[in-house]
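**Q** Spelled out, the chains give:
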Amino acid sequence: MIFLLQYDRKLGKLCGELKRFTASERREAQRERLTIELDLHRTCVSRDVVLLEAADEETLRRTHQRYFKTPRELVESMMQPEAEPVLP
Amino acid sequence: MWGYVAEKLSISQLNKIGERLRKNLESEEDLRLLDVFRSSFTPAYQEVFDHLSQLGLKPGGREGKTTLSIRAKLVRERTRLSRMQDIAGCRVEVDNLIEQDRVVDEMKVRWPCALIHDRRVKPSSGYRAVHLVVEVDGLLVEIQIRTSLQHSWASATEKLSDVCDPEIKYGGGPEEIQKSLTEFSNVFAIIENVERNYAEVRAVIANSVMKGKKEVDVLDENTEKLQADLKATHEGLNAALKKFCERFTIADREGSQ
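Protein chains in written order, with the working numbering: chain A, 4 to 91; chain B, 246 to 502.
Please keep in mind that the hints were generated in silico from the structure rather than gathered at the bench.
Nothing here was measured: the structure is a model prediction, and the numbers come from that model.
Take every hint as true, because none was put in to throw you off.
Away from chain A, derived, C-beta distances all over 10 Å, residues of chain B:
1. SER257
2. ASN260
3. GLU264
4. LEU319
5. VAL320
6. ARG321
7. PRO357
8. ARG364
9. SER370
10. VAL378
11. VAL449
12. SER453
13. LYS470
Reference excerpt, derived from the structure (chain B facing chain A, CB under 7 Å, subset only):
14. LYS303
15. GLY305
16. LEU313
17. GLU403
Covered by chain A, per the in silico footprint, the following chain B stretches (three or more residues, Cβ under 8 Å):
18. 274-282
19. 404-410
We treat Cβ as the ideally placed atom computed from N, Cα and C, and that holds for glycine.
With the sequences and hints as input, model every part of the structure.
**A** Given below as structure tokens:
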């Protein structure tokens, strides 16, 4: 699944909705990404407009957690059970 | 060798776009052409993403680096747009160092000529991971392989760079934050190496048991010590992290606005 998102770095937050596309809609997702980027350029708004891909949203939220979690959540995640020792 | 020419762009045109991006003077046409360049990586990216998926690695992928990230890199590294090796990339998270080594080996089988950047051996401003740059039909795709601990550290650092100071990611920014992140990175490296040593000892024990050797008792004692060391290190780390959170009370933007 392909995801289109806008991210404001200084705020550390997503802007607007997370749009979802199937793999067969990749071209459409790319066109929409460019359209948003050009609109932002015209209005001098600085944002990341990015297409990401993962098998599902849960995986995406894990592999690209920077976009979805707050600074505090990410620092604290280093203490979560998943960071506990995994003894083979 | 790594040069690239998109169907509708020459290297020279591409680098001129990069120069305008660097100076924040890009036009709409530049952004359209940059998108052509970015999209040209899609087939190569897809091949890599599909391969990682087939191996059951649950990759996250980004088929094109964002314009802001490209601009930041052009400013920071004085590189040329045509020479960037990470326009397209995939990321994989694994449990531990042993698994990380195994995945790297699998990648080397699939892409024997891959460039390997082992940032566990030489961390980049505290960042630890293994990056491979593979070539597919003349195009480069970066694969980031991170353990869970490495990924947690990298994600927190990226976020702090976003909201506090972009230099944090590159070893700069507020000294106190940088010092803490460096300490965490070092402790994570110790934890991961203890985990690996522990697994190796366990393997020796298992092998000895199969052979009925007396060394098993000695090895068991070592294992207990390793396990105790590991737990103590984790406890120390968690205490340090709690202190870090309390000290900085990092702005949770949602809460502070």
